[in-house]
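Enquirer: Here's the letter readout for the chains.
Protein chains: 2
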Amino acid sequence: MKRYLETIRSEEAIAKILEHAKPIEDEEFLLTYLCTGRITTRPVFAKLSNPPFLCSAMDGYAASFEKTLDADLTTPVSLKKNVDVFPVNTGDPLPGGTNAVIMVEEGEESDTFVIIRKPAYLWQNVRMVGEDIIEGDMLIPRNHRIGAFETGMLIAGGVTHVHVRRKPAIFIIPTGKELIDIYQMSDETIKRTGLVDFNSYFLLRLAEDTGFLAEKSKIVFHKDELRNIVQEAVEKYDGIIINAGSSAGSEDFTESVIRELGTLIFHGVSMMPGKPTMFGIIKGKTVFGIPGYPVSAAISFKTFFEPLYERLSSTQLHKKYVTCITPYKIPSRIGIEEILRINLIEKKGKYYAFPLARGASIFSSMARADALIRIPEHIEGYDEDEEISCEMIREGEEIGRRIHIIGSHDLSLDILRDMMKGRHPHIDLISTHVGSLSGILAFRKGITELCTTHVIDENEKIYNIPVIKKYLPDSPWTLIHIAKRLQGLLVGKGNPKDIKDISDIARNDVKFVNRQFGSGTRILLDTMLKGKGITKESINGYEREESSHTAVGILVKESIADVGVAIYAMAKVFSLDFIPLVEEDYDLLVAKEFTEDKRFHLLMDLILSDTFKGKLNEIGGYHTEDTGKIKYVNG
Amino acid sequence: MKRYLETIRSEEAIAKILEHAKPIEDEEFLLTYLCTGRITTRPVFAKLSNPPFLCSAMDGYAASFEKTLDADLTTPVSLKKNVDVFPVNTGDPLPGGTNAVIMVEEGEESDTFVIIRKPAYLWQNVRMVGEDIIEGDMLIPRNHRIGAFETGMLIAGGVTHVHVRRKPAIFIIPTGKELIDIYQMSDETIKRTGLVDFNSYFLLRLAEDTGFLAEKSKIVFHKDELRNIVQEAVEKYDGIIINAGSSAGSEDFTESVIRELGTLIFHGVSMMPGKPTMFGIIKGKTVFGIPGYPVSAAISFKTFFEPLYERLSSTQLHKKYVTCITPYKIPSRIGIEEILRINLIEKKGKYYAFPLARGASIFSSMARADALIRIPEHIEGYDEDEEISCEMIREGEEIGRRIHIIGSHDLSLDILRDMMKGRHPHIDLISTHVGSLSGILAFRKGITELCTTHVIDENEKIYNIPVIKKYLPDSPWTLIHIAKRLQGLLVGKGNPKDIKDISDIARNDVKFVNRQFGSGTRILLDTMLKGKGITKESINGYEREESSHTAVGILVKESIADVGVAIYAMAKVFSLDFIPLVEEDYDLLVAKEFTEDKRFHLLMDLILSDTFKGKLNEIGGYHTEDTGKIKYVNG
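Read top to bottom, the protein sequences are chains A and B.
For the first sequence, position 186 matches number 186 in the working numbering, and the numbering has no gaps at all.
Convert by adding 1000 to the 1-based position in the second sequence; the result is the number in the working numbering.
Be aware that one or more of the hints could be misleading.
To be verified - Some but not every residue of chain B turned toward chain A, in silico, with C-beta under 10 angstroms:
id, residue
1, 1153
2, 1154
3, 1193
4, 1201
5, 1361
6, 1446
7, 1462
8, 1465
9, 1466
To be clear, the hints were calculated from the coordinates, so they are not data collected in a lab.
We put the beta carbon where it would ideally sit given N, CA and C, even for glycine.
Using the sequences and the hints, build the whole thing.
Expert: Structural data, given as structure tokens:
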């Protein structure tokens, strides 16, 4: 089954778009003070000199300098007011016959005279006609962006109206029977009946951020409706986005609408995410079908609508690229361009790229990403320690002052993040949840200076210290205690499967959900299974791995799994039942170097605060008696 | 006479402002999709998982995987539609009892059955509940800027409304009897009666660019009116700008209004421009008096309102600083901080700083500047070749691809600039008018690769070549002819002083206006005066120097001078009379290296075009027979 026209490379796709999109030629005659950010379509010439006449540069007395030449300290000159001398304020036109202004401090004014004790010179304190702007001067050329200062200069030059390029306008049409508009529904309706359309809202904002004028339609469910809306929209907008209906399902009618109303130019681009993008021309206007998966829609937008905007508006966007280093191998399929979301960690002026979840449906990672990297189709990804270029999708300034924790997941990290942003709005605390062991390995590699961990040593039955000493025997580090927390079995409300202890997870009628390899919780589970002599194979669902406590929680809550190992807090958050297993130490591993960083002290202030401990105790399942204590100092 | 309260340093002034300005605590509960760019005041938690239920990741057939286990290529399994198997589209909720989705391409569908030839596995093509967002997750902390992607994530998480910080609002009040609102007047009224208020318009845009919500009042003429407006405004806005009335003239009532309604904190900052800035508190709101000279107003705004914005909004502005090199000594007065507007020239990855006109009234140079440099009060300026930091006031990307000509002024440069921007919107052609000789010296120093010149050699009577060879005997350069142009005496319409030739400028009843030292026109004049045996001292106005043909033109037009030397085009532009003196060669000196730059070829295309020649001929006084010819190649 053929799903697409011939798939083309993204560069070719962009070339085809640029070939068909024509720069906006229309002009508008707008009030100058409303034109900030707009681009001129004609050169602008001054209609007025600034200043338009000789004027006083000071508060003082205008006079003819010739009449003051004899003045000195001992033989002052008296000038008759409103005959020889005229009181003027800054900016006043020079009265006829005068050619100098004496500062107000240098004249002794009485009712009828002003006494001067110093001669003036020609044009003293006088602003020349046109000293700023001369009538007829070209103030700005065409294709020039009008900023705040240009606005001032144009008005100073007597320009009340300017010809500027109309903003390119796009129209976003969400389609799909599964979609619902959250602003029209109650929470309960949404949960039961459909997926929230958020694509059209973020596309609207993305389009506006790019520079487009953007509007969206309501959700469209039927092909005829879509055809009508598109037909009307091409009369009014420069670009149309149909989202989605671009793949091959029974309701994917975007392609046929484009074909019926105009010409389809391409359908299918060899990039991932974003492959099912299509492009056509209807009545000279650009019409796109972009994929429904939100990350695909975002990548498709950035790939194709940024060049489109530049073409339509005859401007260049200021995209920011940064060189970063791959901390480990990043594999990619050959034959297709792959675009990855990454977080950047800055260490000693260098940026390290950490790819986020690749799934096209994981939109939250788009909101958490700092940048995008593009892996070309002809390579199988990047090796460890390669230098690659990434495109920033947020301001880069915050990265350097951010606190980045890699390691084990706990709710306390969210609490600390919010508290940090509350006290220090410019310092974000972000965490990458790779599990305790992977965190320690990243720490050893020098990628992170902070790692959260809860790993029990099988023999010594001590948390964290033995394991960290094993991996980091010589390097200098400090271990800070965050909290003791209760781990246990998370089961449905009322414990429907009557689970009593760890042995029950191997029962045939029980579906288990596991945590990922390398996480402290997984190590705990495996240690306990070994103790009980339970084999992995006997557990129904052992191979289903999730990477956070909350993911385990939601699967149990939705009865997709019957049981999983998680912290007590999850039982409270999701109103589930909980069978305690152990109390463990959740600790923070800190590189010695970082203990001298100002941010470490800000973080410690938070950890030691009563607010933090209070919030943990409010959630429950934590013990905070030793919170903030230094447990061990190595090297 | 005491004009100010004790003057304080700008850092102290900023500290005092921050001490009195309180972060905005108010919150608003806004529709999430309208919150792009806003800052949260509370952490935001997901109200909904995304997806909120198990759903199909593909178009296909939902089934229980257990029922497909026996399928293979030769022994297919038939599943009954709407009993064992359910057609689903991407995003549809999984029907009860199913736990896998078979791709549409892998099922053979008939009216009642779907035939499967491959076993499915548990959760195949199924999106897990919460795989993107889990109900209860903290999506963003407080003090977080909501971008387009955050908007999407929040709506995906069921968040329809968010608490965000109100935008700080400021109110701009233009005051001054000399001011007129250009939108209320005819051109003629303006020319005769007052100065156009453009400060309030550019301040409005500058405030909005900074992030404020900004509004302005009409022009205020009387103290009582100002008091009333300020009294009302402090109820509604977070900051008030009164512009100006901050110095010491008879109408400067800003200080007394602040004193009457609240407390004056400081008046006078030891910075230039911007010295007469004042700051006070009225009913807890910040009130500023900022200077009337437009550059002073702009510098005062940037110095004090950017930190104020950061404080009020609890955010940090992303200001961009660049290191640049001083190509020559930049003197500055000790004891006062001086802020200069500069243009940057990029050469081989290094930026060179060229200060623009310092006058506080020359606002056009604010619109032409790339950046600002601050010279601290304790130094006497910068030496040649110092590395200093400058603050960008426009996007820096365009600087590297710009064409920068230093040298002699001619209208052809404006024509070329506009043509270049028309054909190549991203390439600006800017020119710094320092005169021919200073241009050649800048070229020799390696600061510019392009210099326009028209210098006659006194002995050989040849233009440009002998002089350039003298200064640049060994370096490789090319001389391109732009046009022959007529220089002559510019006199009033009808030649009221009956000037016949160069000798007449020495007459007692004639006021002359000169060009600056080092300009080709000045060299021409001095050469001709020498030839006629006329002394400089005998010329009334010889010491009055202007730096462009247009400046000479406007002074003659306004009868401020009776005569000056300028190109014929000025007579046409200003409707003046013209007495021809010589026809000279206006040429472009190009460094050999730059002849290999793509931009040189774009520039040559323009110079050689019929459009360019046509425009010169339309202005008049030019001969374009040899336009674009290579006149000389050195080295």
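Enquirer: If a hint holds in the structure, say so; if it does not, say that too.
Expert: Against the structure, the hints come out as follows:
1. 1153: This hint holds: residue 1153 of chain B lies near chain A, its Cβ roughly 4 angstroms from the closest one there, short of 10 angstroms.
2. 1154: Holds. Min distance 8 angstroms.
3. 1193: OK, holds: residue 1193 of chain B within 10 angstroms of chain A, min 8 angstroms.
4. 1201: Since chain A brings a Cβ to about 4 angstroms from residue 1201 of chain B, closer than 10 angstroms, the hint holds.
5. 1361: For residue 1361 of chain B, the interface hint holds, since the closest Cβ of chain A sits about 6 angstroms away, which is under 10 angstroms.
6. 1446: violated (27 angstroms)
7. 1462: Since chain A brings no Cβ nearer than about 32 angstroms to residue 1462 of chain B, farther than 10 angstroms, the hint is violated.
8. 1465: violated (30 angstroms)
9. 1466: violated (33 angstroms)
In summary, the numbered hints that this structure violates are 6, 7, 8 and 9.
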